[in-house]
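Q: These are the residues of each chain, in order.
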Amino acid sequence: VNGNEDKLMADLASAKPVHEPDGQDWAESERAEQVLARVREATQPDQKPRARRWSSPTRMAALLAVVAVVAVVAFVAIYVAGGQGAEQTAGTATSQVGEPSSGEEAVSMQKALERVIALAYSRPGATSLERPGETDLVEEARSLGIVGPDEDLGPSLLDAVSRVTYALWLWRVFGSLLPDGATTRFVDVEGLAEESRQAILGLASAGVLPGYEDGTFRPDRPLSRSEEAASEAKIADLLD
Amino acid sequence: MLYRGYAHRVLDYARNRGASLEEAEDVVTEVFVVSCRRPGEIPGEPLGWLLGVARKVLANQRRTKGRKTALQYRVAQVSAPLDLCQGETDRWIELHDLRRVLGPALAKLKEKDREVLVLVSWDGLTYKEAAEAMGCSDRAFGLRLLRARQSLLKELGGIRTYKVLEDTAPEGELT
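Residue numbers (this note's numbering), protein chains in the order written: chain A, 462 to 701; chain B, 822 to 996.
Read the hints as simulated data drawn from the structure, not as lab findings. Treat the hints with care, as some may be off.
Stated by the list, open to error - Just a few of them, taken from the derived set where beta-carbon distance is under 8 Å, the chain B residues facing chain A:
1. Ala828
2. Asp833
3. Leu964
4. Arg968
5. Lys975
Unchecked claim - The calculated lysine-lysine pairs, modelled on DSS-like cross-linking and capped at a C-alpha distance of 25 Å, are:
6. Lys477(A) / Lys929(B)
7. Lys468(A) / Lys933(B)
8. Lys477(A) / Lys877(B)
9. Lys949(B) / Lys477(A)
10. Lys477(A) / Lys975(B)
Owing to the predicted nature of the structure, the values given are computational and were not obtained by experimental measurement. From the three backbone atoms N, C-alpha and C, an ideal C-beta is built for every residue, glycine too.
Please model the complete structure; the sequences and the hints are all you need to start from.
A: In structure tokens, the structure reads:
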């Protein structure tokens with residue numbers, strides 16, 4: 462039996478298939494070199510083929526992780542930017558004499574009111590008025606008709622005065638004395654109170670407190686020191 | 822270098838199991854990529870280990886392509902080279918008959934039985950190398966080989982029938 466099995470194995474070896482080219486011929490051919498190049502390419506470090514070995518679920522998980530990280534970063538960035546924007550807005554509304562958006566120094570309500578009161582005493586026909594002694598600034602302004610009897614100027618006179626408030630104060634003192642100028646229109650004053658809108662248009666027409674080149678007046682913008690000085694100079698010119 | 826010494830053996834291994842030249846080259850590529858990434862696993866005599874990897878790569882390749890393993894051996898379809906035919910017609914007929922008899926019987930065996938026989942007879946591995954390629958001990962491989970030979974003889978119609986075939990075969994070496 463063993464002899465037969467040995468003969469069987471020998472016959473089996475004899476029946477080995479024949480290929481063209483055989484292994485040895487192939488090993489000496491260009492094809493073997495090409496296969497070797499493929500091996501080297503696939504085994505070089507930091508190669509893309511290694512990335513391709515990832516399974517689809519792994520790729521999907523990695524993709525989702527990247528998307529999640531990007532979303533978190535974007536959310537944080539938006540949140541931080543929004544917070545800063547809110548802080549800036551709050552600063553404009555409540556801070557003490559902050560910087561106006563143009564970069565110029567803003568005028569506080571106290572300073573503006575003092576200057577308007579001083580101008581009121583210097584207006585024509587007011588020479589007979591006697592400046593009262595030590596008194597409350599707001600009450601003095603009320604007595605001169607600069608501030609209305611029921612108007613609330615807010616918690617602090619150190620807050621920046623807005624252009625519309627300053628225009629209103631000037632208009633109440635000098636509105637009747639200023640000459641009519643060219644009709645002026647602004648795109649951002651329609652929602653204001655009638656008196657405020659009239660003050661803005663009147664002062665702008667007289668050239669006391671002009672608007673901006675883009676057709677806006679920007680009533681809520683803090684009044685800058687240069688704007689205040691220019692307005693006082695213009696009023697002085699007009700009243701001379 | 823490992824590739825220079827053994828790439829052709831891996832190629833032959835794949836082709837002996839029915840792979841085309843291109844498919845066999847893909848197997849060679851995969852085997853040596855694996856060997857480059859796992860150099861610590863390669864034993865001093867690497868052939869058995871390399872063919873063990875090739876066996877798994879080939880199985881994966883076939884699973885991917887949905888091939889039928891029963892068709893992987895094309896022994897009966899393989900012709901002897903033409904230069905053997907010239908002036909040696911008798912030997913060519915002998916080889917042709919041998920393949921015609923052994924091929925179908927081999928194809929009917931279980932995959933593992935067929936593999937142990939072919940590793941030794943076609944791929945020329947020692948028992949130790951073949952055991953490594955199969956992922957088993959030398960002793961287990963010896964037992965498997967014994968059972969595989971018996972199974973092949975059974976497919977050939979038993980010892981008596983094969984003895985008739987042996988008696989009718991011409992004298993001399995077949996290779």
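Q: Are the hints correct? Go through all of them and say.
A: Hints, verified against the model:
Checking Ala828(B) against chain A: minimum C-beta separation of about 6 Å stays under 8 Å; hint holds. Interface hint at Asp833(B): satisfied, since its Cβ lies 4 Å from the closest Cβ of chain A, which is below the 8 Å cut-off. The criterion of a C-beta within 8 Å of any C-beta in chain A is not met by Leu964(B), whose closest approach is roughly 14 Å, and the hint is violated. Look at Arg968(B): its Cβ only gets to about 11 Å from chain A, farther than 8 Å, so that hint breaks.
Annotation: Lys975(B) was flagged as interfacial toward chain A, and the flag is violated, the nearest CB pair being 11 Å apart, outside 8 Å. A C-alpha spacing of about 17 Å is found between Lys477(A) and Lys929(B), which places the hinted pair at or below 25 Å, so the restraint holds. With a C-alpha separation of about 21 Å, the suggested pairing of Lys468(A) with Lys933(B) holds against the 25 Å cut-off. With a C-alpha separation of about 22 Å, the suggested pair Lys477(A) and Lys877(B) falls inside the 25 Å cut-off, and the hint holds.
A C-alpha spacing of about 21 Å is found between Lys949(B) and Lys477(A), which places the hinted pair at or below 25 Å, so the restraint holds. For the given pair, Lys477(A) sits about 20 Å from Lys975(B) by alpha-carbon distance, which is consistent with the 25 Å threshold.
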